[in-house]
Amino acid sequence: MSKPGWITVALAATLSSLVTASVLTFTKCNPNFYDDVQAQKRAESAAFKSTASATSKPFLAPSEEEQEELILEQLARSRVFFGDDGLEVIRKSSVVIVGAGGVGSWAATMLLRSGVGNVRLIDFDQVTLSSLNRHATANRAHVGIPKVESVKQYFSGVVPWANIEAVQDLWVPAKLSKSPEEYVEMAERLIYVNGEKPDWVLDCIDNIDAKVDLLHFCKTRDIKVISSMGAGCKSDFTQVRIADISQTAEDPLSKATRVKLRKLGVYEGIPVIFSTEKPGEAKLLPLADSEFEKKNEENETTVGELSVLPQYRVRILPVLGSLPAIFGLSMATHVLTSIGDYASIPEYIVTQSRHKPKAYDQIQQTLVGQLARESKKRTGENGIRIAAPFDSADVGYLVEEVYKNKSVISGECSRLSLSRWRKEGPINLQNVVVMTKDEQKKHEEQVLCDENPKTVEEVYPEWVLKQVEHRLRQEKHYSMYR
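Read in order, the letters of the sequence shown are residues 1 to 482 in the working numbering.
The set of hints was computed from the structure by calculation and includes no laboratory data. Among the hints, a few may not be true.
[What the hints assert, rightly or not] In silico DMTMM-like cross-links for lysine to aspartate or glutamate, where the CA-CA straight-line distance does not exceed 20 Å:
1. Lys219 / Glu196
2. Lys423 / Glu374
3. Lys356 / Glu400
[What the hints assert, rightly or not] Derived Cβ-Cβ restraints for the label pairs, each shown as a range:
4. Trp463 / Tyr192: 51 to 59 Å
5. Pro357 / Glu68: 51 to 59 Å
6. Ser338 / Ile427: 43 to 51 Å
7. Gln67 / Ser338: 26 to 34 Å
8. His477 / Leu176: 20 to 28 Å
9. Ser375 / Val184: 43 to 51 Å
10. Ala388 / Pro453: 21 to 29 Å
What you are looking at is a predicted structure, and each value in this text was computed from that prediction instead of being measured. Glycine residues also receive a C-beta, built at the ideal position from the N, C-alpha and C atoms.
Go ahead and model the full structure; you've got the sequences and the hints to work with.
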């Protein structure tokens with residue numbers, strides 16, 4: 001390069017290389033190694049200042065060709081890792097990140113540093129002092145500004161060639177939108193890039209309804225999406241996993257998301273980042289009783305006003321700042337290896353798929369058969385057609401989520417069936433349990449019979465009764481998310 005400004009840069013780079021070579025030589029033979037290194041650094045700085053002051057002409061911006069050389073040098077490690085073709089695809093890719101907090105900001109960090117050329121950041125929230133323990137780019141000067149602007153400002157000096165779009169907006173679920181048309185307009189405006197589907201969407205939302213709605217939208221539109229589950233109250237980084245949504249375990253947010261998606265007809269096909277660690281002692285920070293007692297002029301409680309927005313949590317979930325960072329970096333790794341077509345990307349399979357419609361239909365028929373036998377006892381007629389009380393999604397929910405694929409009586413996992421639990425109770429999710437076919441037959445003979453029926457308390461030991469009650473309580477809790 002012939003421009004004076006670039007001569008200065010070249011001289012500085014040469015001096016830096018000489019110092020590095022000197023360091024490697026001095027390490028073995030010079031007892032005053034660190035003193036000599038400092039002397040070399042001072043000499044380098046003095047030489048650079050001398051050369052710069054001797055250059056009277058102003059610093060000139062690099063040409064387009066020179067700019068490309070600088071970019072390729074900055075992305076040299078990514079270039080070697082993915083190859084020229086892979087890096088080119090990554091640089092042309094577009095990624096939408098919904099949520100620019102503790103997870104999203106870290107995902108954006110490595111996507112941009114690794115070469116992704118087009119990133120849209122979506123978040124309605126602002127930087128707060130309490131968010132500085134986990135945010136990738138925010139500092140005290142950013143407190144009060146939108147999180148998306150914090151990320152954009154930071155990376156304007158790191159990857160000036162990248163197209164970073166900061167959108168301070170909120171993903172509003174369909175059920176909270178004023179009309180279907182308004183919802184579609186909002187969703188397409190936020191997700192589509194110049195009218196086209198993005199290469200990937202990263203869900204870094206911590207509100208369950210918005211999360212499920214975004215995932216459902218992307219899945220039904222055939223848009224690649226990866227979702228972050230709960231990092232709160234967890235600390236064991238060795239248990240962070242990436243798997244299909246149907247494979248998640250030991251994570252309350254994963255379970256709630258999975259249950260809600262199943263209700264919408266989405267059983268699998270969404271990779272998620274989650275932790276198999278059981279939450280520790282950390283819990284939601286309590287609110288003072290006085291906050292619950294406060295009321296407005298209409299004598300209505302005002303505790304909900306402490307939430308950032310309606311439908312969002314009021315209390316704070318303790319978070320170890322490094323865990324959301326690991327979640328975000330893991331999401332970025334998955335997206336980069338996918339876009340760059342990296343050869344050794346793993347399958348992330350934990351277990352077999354939970355969605356087994358044929359098996360659910362067979363288990364459903366065991367309950368239909370039981371109801372048919374009860375009907376025959378009452379009417380004396382054969383061949384009465386009994387409608388299935390549950391659909392396949394309900395059966396899968398009971399078998400997989402509530403009873404964990406095993407009999408509530410014996411714990412056996414083969415030849416499972418559904419049975420009415422108490423004779424006097426109705427057929428609903430609170431009075432149907434999973435047991436083996438042999439156990440179902442005995443249950444009918446002892447509890448569901450017409451002559452001298454026994455109660456479940458008379459038939460089963462106390463530990464079985466407690467186990468059933470525990471599962472039914474869980475079902476009642478899970479049903480709030482369905």
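Fill in: Index of numbered hints that the structure contradicts, given in increasing order
No hint contradicted; all consistent.
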